[in-house]
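The residues making up each chain are set out below.
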Amino acid sequence: MSLLRLEPRGQASKAMVYATPLLAVALTLASGFILFLLLGFDPLKALYAFFVAPLTSTRGVGELIVKATPLVLCAVGLAIGFRANVWNIGAEGQLTIGAITGGGLALAFYGDGGWWLLPLMVIGGAAGGAAWAAVPAFLRLRFNASEILTSLMLNYVALLLLNYLVHGPFRDPDGFAFPESRLFEADAVMPILWSGTRVHLGALFALLAVAGGWVLMARTFIGFQIKVIGLTPAAAGYAGFDQKRIIWFALLLSGALAGLAGMGEVAGPIGQINASISPGYGYTAIIVAFLGRLHPVGILLAGLLMALSFIGGEAAQIAMNLPKAITGVFQGMLLFFLLASDVLIRYRVRFGARRAVA
Amino acid sequence: MHSHAETIPPDAAPPRLELRGITKRFPGCLANDHVDLILKPGEIHALLGENGAGKSTLVKMIYGVLHADSGVMLWQGKETTVPNPAGARKLGIGMVFQHFSLFDTLTVTENIALGLDEAGPMEALAERIRTVSERYGLALDPARHVFHLSVGERQRVEIVRCLLQDPKLLIMDEPTSVLTPQEAAKLFETLRRLAAEGCTILYISHKLEEIRALCSRATVLRAGKVVGACDPRQETARGLAEMMMGAELAIPERPPQAQAGAPRLSVRHLSTTSANPFATNLKDVSFEVRAGEILGIAGVAGNGQAELMAALSGETLIADATSVVIEGTAAGQLGPRARRALGLAFVPEERLGRGAVPELSLSENALLSGYAREPLVRGGMVHFARARAYAETIIKGFNVVAHGHRAEARSLSGGNLQKFIIGREILQRPKLLVVGQPTWGVDAGAAAAIHKALIGLARSGAAVLVISQDLDELFVLSDRISVLFHGRLSDSRPTHETSVERIGLLMGGLFGTPPDEDGEIVRAV
Ligand SMILES: Nc1ncnc2c1ncn2[C@@H]1O[C@H](COP(=O)(O)OP(=O)(O)OP(=O)(O)O)[C@@H](O)[C@H]1O
Ligand SMILES: [Mg+2]
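Heads up: the protein sequence lines correspond to chains A and B, in order.
UniProt numbering numbers the first residue of the first sequence as 1 and each following residue consecutively.
UniProt numbering numbers the first residue of the second sequence as 1 and each following residue consecutively.
These are computed hints drawn from the structure, not numbers from a lab.
Idealized CB from N, CA, C, for every residue including glycine.
Accuracy of the hints is not assured; some may be wrong.
Short derived list, chain A residues pointing at chain B, Cβ under 7 angstroms [as the list claims (entries may be wrong)]:
id, residue
1, Asn163
2, Phe224
3, Val228
4, Thr232
Footprint (simulated), chain B over chain A, 3 or more residues, beta carbon under 8 angstroms [to be verified]:
id, stretch
5, 238-245
6, 293-305
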């Protein structure tokens, strides 16, 4: 018999559902404060360096958008799947494959590109990500294999594939054996949307994905089916919704968006294919999706917040000589507090073993 | 007699439970309005009222699931607040809910253990469950998983769970709606015995004959207010119904059937083999439902009803496509969507969680099956204005008491949700309607309205199949009746040529071969 148990509290209010992300942010900041204090840093200065300083320059805001772009793209797709109980954990791999296929096209047509090359890369990147996500979809429907495991394992496969390619076929012939490709030529690079920053066309795609995701979930019949399947699978069966089609749809869509994000990275800020395309965008996007309450607009805000944790972490490393792990610590705390406050809103904790009824 | 109830002599035992001025408001509706109630030790007290009158709300407050906005509760004479169900159980209050709260993937024993505050070792608990369920005539296998159980069996789990705790006050919110007459009769014996042992029973049911047979007092709610009290044994069922409604009850007539038309549904030699070892496989079931008629299938829950419903709706596909023919099309291999396109509409017995999505609004729930035959979706986009209008049409046409089309399905009272679902299916003007337990938990007035709508639908040329274990209902509705027992279906008999007794015997497993006129039962199955 455990000493700690959870008791349901009755209904959780709508307001609380939206308040918990804010609560989680506040708790993360408070814990960060204590953490910095214990580590012997000036907590206010550290938090300022982490969360505020990056936003005081044009370049900083631009970087925020650059980082938020792949996060939002991946998270919008993931959230649509999560709503239908399709647990795609493989955005990282799908992003990597999108970078390989999209970027691969840039390399394949190196030297004889044209206006058509970038649109082709967009399609190629999205198709690559979707194809990678099709594997878990097929395995789930054919063999009833959990997509959580298969999509996660495929992340490692994708990363190994990338490593092989940059050490072999994709390697820059004039690059002194560095594991990276040539720099993409101008036709294969995402146009910059905001001069003086690295904000590129991908940011527009991310905004379109947010708008499209909203329309899909709020207005279309497919979105309705996704909601019903996620909430009450038996009712979906009764209504005659095709769960297989929805599983395919959710995985292909999230794969395509992740692939697009990966392509945007190599054709955007990176400008070539190398071995470190993503600092874990695909994983962080899972946090973004939940922090944004699986709602496209929430995801946009959450994506910006998480992007801030990336660039704030970098800035704090430089300015205060903080360890690199600080970014992961903050992201982890944020997810932890979000999940914890969710639980505490639905349940109350009781101490002590259950007492017998007289 | 009852005038004394309000003024208790000082030496008499205090009432087991007294409520004074209990009020509960939900957004947009006053569910309980200054309700007073006195429950004496050892009495079986009925709580009556139409769908949405506030009965469930009131008992949920007694059990600590909801909390009153104002008012006082006295337990054995002492003022008490019940913070939560655990607190209620500590006082000695047990409750069987209208909608069950069981975990599908757990066994009966595990489910019951979760609801007990002191479960003890599992084997011992399983033994206790077996003993109690046998003693009270509620057959139950403790080791079975809940998802294998029929609705009726699930309810038994809930009842046994309460009985295990030796409650001083037992609240039953429509416990018999899905029990067979025999099961119900056994339950009544149990309840009478419990009452004789001093346990108070607060009993909610829409089956007024039951109330008359069981209860010695009744409190009547209407729109959240207490509008009267009576001794149900002194009243007729019709009188009770009219007291609840505050109006006259119109019982629908079944006009004689015009010539039955072409078969809209033919089932031929339908057999199922389920991977689930606890399913009741259908064995060579054949029947036809023709345009303009209502066929009733009687039977005790768990005899293959769930399997038959799934085979008809398309939720399970049949290997031999020709064993289910809808409107001349072999449909055994078609899914629910394609069958709806052929003209099928469908009301499952499980309304919350299959027939409706609890968290979604009524307009979204109107879309759930309405998309198939109403112009609610255009070019992949949901036409929300039309879905809303459709929901409003259902709400108006079937007198659903709800806070508009925005109300979540789960906020509706049980009977009102049923009216909504039936309305949603009937208003699609189906060519073939399959209904499971159409008036489970529906009040007398609404049941009459649903019956009228079903009869009207059939008389307008649709074929209607009703699967129910309520024989009275089947005799009101059906043109012909068959009985499902252990997965086999008896031949159908015109309703006027058979009797409740005879069908009751068939439900118990005595199939005549053939059931001849003088009622000789030739063979026991
Ligand atoms: N959570 C809720 N939110 C809003 N309204 C609610 C909620 N629960 C119940 N109601 C409303 O309160 C009223 C009383 O509901 P209640 O469930 O108590 O009725 P009932 O008498 O048990 O009816 P039935 O016989 O159909 O079960 C109804 O109008 C219902 O719509
Ligand atoms: Mg009720």
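- Which numbered hints does this structure break? 1 and 6
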